[in-house]
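Asks: Here's the letter readout for the chains.
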Amino acid sequence: MTQYIIRRILYAFPLLMGVNILTFVLFFVVNSPDDMARMQLGQKHVTEKAVENWKQQRGYDLPLLWNGKAEGEEKLTRTIFYQKSVGLFLFRFGVSDSGRNISADIQQRMWPSLAVALPTLIVGLLVNISFALMMVLFRNSYLEHAGVVLCVILMSVSSLFYIIGGQFLIGKLLRLVPISGYDGGLSALKFLILPVLIGVFSGIGSGVRWYRTLFLEEVEKDYVRTARAKGLTETRTLFRHVLKNAMIPILTGVVVVLPLLFMGSLIMESFFSIPGLGSYTIDAINSQDFAIVRAMVFLGSVLYVIGLLLTDISYTLVDPRVRLS
Amino acid sequence: MFSLFSMKMHIDQSRTLVLILLTVLLSACVGSELNNPYAQEEGGQSVLYESFSERPKHLDPAVAYSSNEYAFIAQIYEPPYQYHYLKRPYELTPLTATGMPEIEYLNSKGEKLASTANDSDIAYTDYLLEIQPGIRYQPHPILAKDAQGEYIYHHLTGEQIDRLGSLQDLPETGSRELTAEDYVYQIKRLAHPKIQSPIAELMKNYIIGFDDFSKQVANKQKFEIKDISMTGVTALSPYKYRIRIKGKYPQFIFWLAMPFFSPMPWEADVFYEQPGLNDKNITLDWFPIGTGPYLLAENNPNRRMILQRNPLFHPETYPSEGEPGDKEKGLLADAGKQLPFIDKVVYMLEKETIPYWNKFLQGYYDASGIASDNFDQAIQFTGSGAATLTEAMKEKGIQLETAVTTSIFYLGFNMLDATVGGDSEKARKLRQAIAIAVDYEEYIAIFANGRGVAAQGLIPPGIYGHAEGKDGINPYVYDWVNGKAQRKNIEVAKRLMAEAGYQGGVDPKTRQALILYFDTTSVSIDDRPRMNWYRKQFEKLGIKLVIRGTDYNRFQQKMRDGNAQIFFWGWNADYPDPENFFFLLYGPNAKVAHGGENAGNYQNPEFDRLFEQMRNMGNGEQRYRIIQNLQELVRRDAPWVFGFHPKSFSLYHGWYKNLKPNLMANNQLKYTRIDTAERAEKRAEWNKPVYWPLLIAFVVFVLLLIPAILAYRRRIRETIQ
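Sequence lines, in order, name chains A and B.
Under my numbering, the first residue of the first sequence is numbered 1, with each subsequent residue one higher.
Under my numbering, the first residue of the second sequence is numbered 1, with each subsequent residue one higher.
There may be inaccurate statements among the hints.
[As the list claims (entries may be wrong)] Reference listing, derived: stretches of chain B covered by chain A, where coverage requires no fewer than 3 residues with Cβ under 8 Å from a Cβ of chain A:
(1) 191 to 199
(2) 276 to 284
(3) 421 to 427
(4) 461 to 475
(5) 610 to 621
(6) 675 to 689
[Stated by the list, open to error] Heads up, simulated DSS-like pairs for lysine-lysine below, C-alpha to C-alpha not over 27 Å straight-line:
(7) B/Lys344 / B/Lys429
(8) A/Lys55 / B/Lys280
(9) B/Lys591 / A/Lys49
(10) B/Lys470 / B/Lys246
(11) B/Lys248 / B/Lys222
(12) A/Lys55 / B/Lys327
(13) A/Lys44 / B/Lys682
(14) B/Lys344 / A/Lys49
(15) B/Lys246 / A/Lys49
(16) B/Lys558 / B/Lys591
(17) B/Lys484 / A/Lys44
(18) B/Lys544 / A/Lys55
(19) A/Lys84 / B/Lys194
(20) B/Lys344 / B/Lys112
(21) B/Lys647 / B/Lys329
(22) B/Lys488 / B/Lys426
(23) B/Lys337 / B/Lys327
(24) B/Lys688 / A/Lys172
(25) A/Lys84 / B/Lys220
(26) B/Lys682 / A/Lys172
(27) A/Lys172 / B/Lys396
(28) B/Lys215 / A/Lys44
(29) B/Lys240 / B/Lys112
(30) B/Lys280 / B/Lys488
Since the hints were derived computationally from the structure, they do not count as laboratory data.
Yeah, the Cβ is synthetic: ideal placement off N, Cα and C, and Gly gets one too.
So here's chain B without its partners, still in its complex pose:
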């Protein structure tokens, strides 16, 4: 009886085990997305998943100035102008403004001048801006009012502040209409020394009264500036304001499309300046308030940031015009539809490229850049040199978007240096020879996976004044052969070296190889191949290149003091105007003499004269001609070896719609649409869990255990004996 019962128990246990195993195997077939990193259900919302690798330092539009900060604030704040999403070349279009600004020129007496007035007669320029009525701020606690119309949270007690963990702990929210005064207030904020706007020093040169205002309010609280006026910036009516700048500065309008000139309600500073809030990290820098399509619903820069659609966003529709070809690409399919299309954007902190890339392939990120580790997996080059996706990427329906960025990287010469600098024919020929020898096409192929275009001058493609074809090449470095630019033979460079007095690269003073110094911050072991490559380029001319590696701070110091000889530097455009590139070689911007952005300290009176003429002109034939003259001057003088314009490669899943790279605009999110059904289907297909290796591992473990158990039993017996 007992043995029968025991046998039955044994059979029951075995059945249970088999059942468990079957359940596991069955769930292997039906289970899905155990690896989904998102806990929350999307609840029918259209959600976009993005990542950020470095937490943004500032979300205050007066302070933020880097791309990872703009990724957020450009969706929240709205300056009066924006870049057209589809049109190229880049074109400004009103955002909150009713139209383009009315521009008036004034003489030194304040009298109005004709629009054709001479630049020398123009003492001031007025920008008159009118904003659309009815635009409202996002719902926010700082605007919450009680029944009596008093702000609820402007006088928090210490006890109330102690209880606060986050801004979300304040349940009441409010809103109000956007006024011109908010734009004026923000410009005053730019001037306040306590806010430390990175463009404050620059704007002192342009906006009337900016500097005086800055001094006047130096010891005042931020919110106290509301009732102090700045002479150059005035609200003329609830919807109209005026900015008066010194002289003529046509590029000023581009600044009006940057978040610096977004509106700020004075209530923000009154609220956030309450003592104790800063200790809780509740500051304007972390909890923005704007009128844009999104509001920051969750701000945990240590883990996740979430943008939610602003329920009070004003009417704005998807553009109905673009450049030729846009319609065929389906980029006008949403024309006239209310923006934004996405309800929520989740940004996850992802510091390493490997997990980021793998999660993109699993469909948990909608877009990705391409790190060099993954480049071969994602991109292949055709026989003609064009970049395309690999078969694996195409199978997943991934889209590739490439764009030449509005940036330039260059090898600069310190023009104050006795050997490579100066205006002498000898030094010029030496620089020209080096420009031919340093083969940036090879550099792009080796170190950038082909992601770049060798530069022919200062201006990148897409910026006014950039010339394509034969007219656009640098004739001192390239020849036009068979319809394309071809780098000159190294013999030409050697000849230039000889003409410069360095026959065979030998310095006549020492009768040994000419020694030049390359100052760089690239000192890690990963940088060694790049530095060796530079050495080899100079060796072609017989020059010995000495790498002077140093840390970033010391390098900056060398540049400020003019102690560097040759350096590698870069510039990314603030706005799409050639002035923003040529000013990098403008004499009065020399770094050593004036602390400006002319890092090579290039000085050429002819260049300066043409630059001054060009910067104040509207785009047209005359300006284009001057730009080409400027290009010719710097190509001949060669203060830089024009390196390359990087090419951005981005990958997007097939469900990512309305995709068009816009290197100037930062507020593209509102145009993006996601096909959520397609994404859900693909994710489920790509992320079925695999259990069978676990089963095998378990069996192997049991098999390994058997000899251990046998050995143990034998040992126990030995002990007993």
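Excised from the complex, chain A in its bound form:
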């Protein structure tokens, strides 16, 4: 297994390099360093000299990928790509184009993202599995049909509607929780109730249907029939046998998203003024801050690779038949 993990980590390097090059090319196809400078310098009194000075101070006066005027290895190293990319692999994200340290910002902003995403995931999982099991329990009855219709309706509604509707109903009409905001420590609880509730509610439609499919697949298998033949009740069959075996796809599905929880949710964070990483990237794209965009894309890729690796490992833990080699 150790060999497998090392091999996967080594595989990740060319993958990350590819992502990095792609981000770099896509970004600079749309924005030139001059554009970035003008965006940062504002609209008034911006002269060519000021643009040149900005680029020079931040190292954007170099060629993008190949420095024809340099000698030897510097043809490659004296470029914006090299100068801005090497540090990433050491997790040195550097300073944003507006002058803030990106690592410090990420460290600060990942916790609020996690504070929303983790309870949403756990509570959502419990709620979705419970409802899915209930629907399987009442399969082929009017309750299941009604449940499926309800799920489809819930899935059809935009998440933005849940957010605005939730804020209006619970925050404005009932006045039970703050409409938006965030605070540190335990004070964060009252701000998290509404986004978590909305996050869970908006995911019920798709989540319940997905888990119902998994459970229905299991419930028709031979071992379930055997369990029933032994005289077990339907609830015992479902909760002790079906749930356990259906946990393999559930668990692997959950593990893959675990690292990405740090990355946050754009709309949720924006509407609830939660200072997470979700809006960090979009703000950076809007302000053409390449340093942040590059760092966040890289971080997202690394976390995704970790997620996939954890998924493989979790397979071996929940299913003894799987061996990593």
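Could you slot chain B onto chain A? The hints should help.
Replies: Quick look at chain B alone, frame taken from chain A:
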């Protein structure tokens, strides 16, 4: 016995349940403000709650240049001058200075000239400024000294820096007196290439020695500039300094009221340049130090920023004079009282308008703008067209303040373009016709909810030279009818088109409808109605308008290269002087030829001559006349279709006092007063939680559960069978 015990238990459980329900219902009656987003108690302090939607990029006064940055730094830093809070037209008044600057004119030999000297004889102008003694900086770690008088935190070790999470982790603070040298130091900072001040390139044209200094210190650390002198800027004594500028530039004094010219202690750069602090985001850009009424107590731009009253703020009192009517409005009630009135200002990050608006209505924000989504909820128009608050807003005691901003939005023509540009009579008539056809009154009504005033020329109301009434209208576009300006009939525009050679909008070269191109960054689906509106305006003349949508960067490139034909652009005044608007059409500022702010590349020698004459004059009859001549020239040449001056609408709760819009000053916070008792009372009244729908939801849930339980039991029985 057992059944009796069981029954008793059952009764006890039921009682407990009823008690819980009663408690919940009771708390529904007495509970209050569960939705209060502020965790901390105000503790008897007067706290103002504001919001910000975008985190400020810079808080260094040498770099900051946008309104969301000025909202903070103008309360912290103090340039020598400020705008009078109440007087109109806008008037400069000393802030840290003892009086208005002494201005001396010099010839090329450095000899003093009379104040009436010809502009051509004036080679230099000296501004002599004297500041008040006894002004002290806010308590700050960078000024903390030990018993021996050594700065405690100027030589932090790597280990000490590693332990730092924020500037607040440095417990000792210190202060010192403000000196003229601090103002000189800040001007040197403006010139340092590493600081990248947005006005550095502009100031090179004015301040003597600025450019040379910039080159001299290019490779030096920021703090090293302290002992290097700039020829044009000198501290004459601890409280007096001199700025020497090239020629005569009367508008320079307005720059002295902007945060760029605030004082900066040299200790700031020495402290913040220590290696490792930048990695912790501990920089001057994020932890300012000033002499103003407030200090930045908490800087978390990702969530919240807090300004706290500066305990060392110098004596400054609320103005005792204003313009007529101010006294009647209660704006002089606090005259002579020490500023500021508010102890703490909490700025919360609020990115979306819907939660922001709802929190304002709940009383958790003291002021709000009006987004278009909420406009109808807040504002109604009377029969005469005046904007007033809706009944719902009036019931809450909300106040509406409106003001025409010192800005202009316009439809510009690229004067280098072969069709719409140039000085020919044909092109001029075409532009004039378009100016009549594009009905900006309609635009304001449709797209701005009536929040704007159609522009009659370059200068917005409130800026010297703006004329009201019949004399102030654009006679090429409007007629004066029944005491008001009325847009000319479209037939007049069609006639002009015919005179320009485009009879019925037909281009004689192609014998088809004249095609013009509108270059814009408005490419989203939300912009489509606006673009369709422009098409319709041009269609009135038979012109086919082609929208060339592009992203912001490409659009800027087109403008720089002169490849745009018609464009929509805007300008917001730096300072309240007509020069700051007319320079937008000054030939040597043409964008293509000189990279300046003359985006339409308008060139008119007569205009340039009058502009040069006007910009150096003091306000008076002669200047006013020249301004009207300049207006006439640009109205006739029509390099722009003068669009509109936006009108700002702001809402304030009834407890917000001393309210008067001041579009030039950014440091109004110190004049604001809050009636905290009224706010607490209203908040409690407006935010009582409502529990009964939860109870109903619970009952419905239980009712829904019953058939599920019955079905489940039936199924279990079926399985057993």
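Asks: All hints, please: hold or fail.
Replies: These are the hints, each one checked on the structure:
A count of 5 residues in the region 191 to 199 of chain B with a Cβ less than 8 Å from any Cβ of chain A is obtained; the coverage claim is therefore met, three being the minimum. Look at the region 276 to 284 of chain B against chain A: 5 of its residues bring a Cβ nearer than 8 Å to a Cβ of that chain, three or more, so the hint holds. With a threshold of 8 Å between beta carbons, the proposed coverage of the region 421 to 427 of chain B by chain A is violated, since 0 of its residues qualify and at least three are required. Given as covered by chain A, the region 461 to 475 of chain B fails the check, having 0 residues with a CB less than 8 Å from a CB of that chain where 3 are the minimum.
A count of 0 residues in the region 610 to 621 of chain B with a Cβ less than 8 Å from any Cβ of chain A is obtained; the coverage claim is therefore unmet, three being the minimum. Given as covered by chain A, the region 675 to 689 of chain B passes the check, having 3 residues with a CB less than 8 Å from a CB of that chain where 3 are the minimum. Distance check on the hinted pair: B/Lys344 and B/Lys429 sit about 58 Å apart at the alpha-carbon level, beyond 27 Å; violated. The suggested pairing of A/Lys55 with B/Lys280 holds, with an alpha-carbon distance near 23 Å, which does not exceed 27 Å.
Taking the CA atoms of B/Lys591 and A/Lys49, the gap is about 14 Å. The hint holds against a cut of 27 Å. Restraint check: the Cα-Cα separation between B/Lys470 and B/Lys246 comes to about 40 Å, which exceeds 27 Å; the hinted pair is violated. Taking the CA atoms of B/Lys248 and B/Lys222, the gap is near 30 Å; set against the 27 Å cutoff, the hint is violated. Proposed proximity of A/Lys55 and B/Lys327 is contradicted: the alpha carbons are some 53 Å apart, above 27 Å.
For the suggested pair A/Lys44 and B/Lys682, the alpha carbons sit about 43 Å apart, so the restraint of at most 27 Å is broken. Of the supplied pair hints, the one linking B/Lys344 and A/Lys49 is violated, its CA atoms being roughly 41 Å apart against a limit of 27 Å. Annotation: proposed proximity of B/Lys246 to A/Lys49 holds, straight-line Cα distance about 21 Å (limit 27 Å). The suggested pairing of B/Lys558 with B/Lys591 holds, with an alpha-carbon distance near 11 Å, which does not exceed 27 Å.
At roughly 35 Å between alpha-carbon atoms, B/Lys484 and A/Lys44 are farther apart than 27 Å, so this suggested pair is violated. A distance of roughly 41 Å separates the Cα atoms of B/Lys544 and A/Lys55; the hinted pair therefore is violated under the 27 Å criterion. Of the supplied pair hints, the one linking A/Lys84 and B/Lys194 holds, its CA atoms being roughly 19 Å apart against a limit of 27 Å. Proposed proximity of B/Lys344 and B/Lys112 is contradicted: the alpha carbons are some 49 Å apart, above 27 Å.
With a CA separation close to 21 Å, the supplied pair B/Lys647 and B/Lys329 stays within the 27 Å bound. Among the hinted pairs, B/Lys488 with B/Lys426 is consistent with the structure: their alpha-carbon atoms are about 20 Å apart, no more than 27 Å. Distance restraint check for B/Lys337 and B/Lys327: the Cα-Cα separation of roughly 15 Å lies within the 27 Å cut-off, and the hinted pair is therefore satisfied. Proximity of B/Lys688 to A/Lys172 is assessed by CA-CA distance (about 11 Å); at most 27 Å being required, the pair is judged to hold.
For a cut-off of 27 Å, the pair hint linking A/Lys84 to B/Lys220 stands: about 24 Å separates their Cα positions. The suggested pairing of B/Lys682 with A/Lys172 holds, with an alpha-carbon distance near 15 Å, which does not exceed 27 Å. Distance restraint check for A/Lys172 and B/Lys396: the Cα-Cα separation of roughly 16 Å lies within the 27 Å cut-off, and the hinted pair is therefore satisfied. Distance check on the hinted pair: B/Lys215 and A/Lys44 sit about 23 Å apart at the alpha-carbon level, within 27 Å; holds.
Simply put, B/Lys240 and B/Lys112 have alpha-carbon atoms about 19 Å apart, close enough for the 27 Å limit, and the pair holds. For the suggested pair B/Lys280 and B/Lys488, the alpha carbons sit about 62 Å apart, so the restraint of at most 27 Å is broken.
Going down the numbered hints, you'll see the structure goes against 3, 4, 5, 7, 10, 11, 12, 13, 14, 17, 18, 20, 30, while the others check out.
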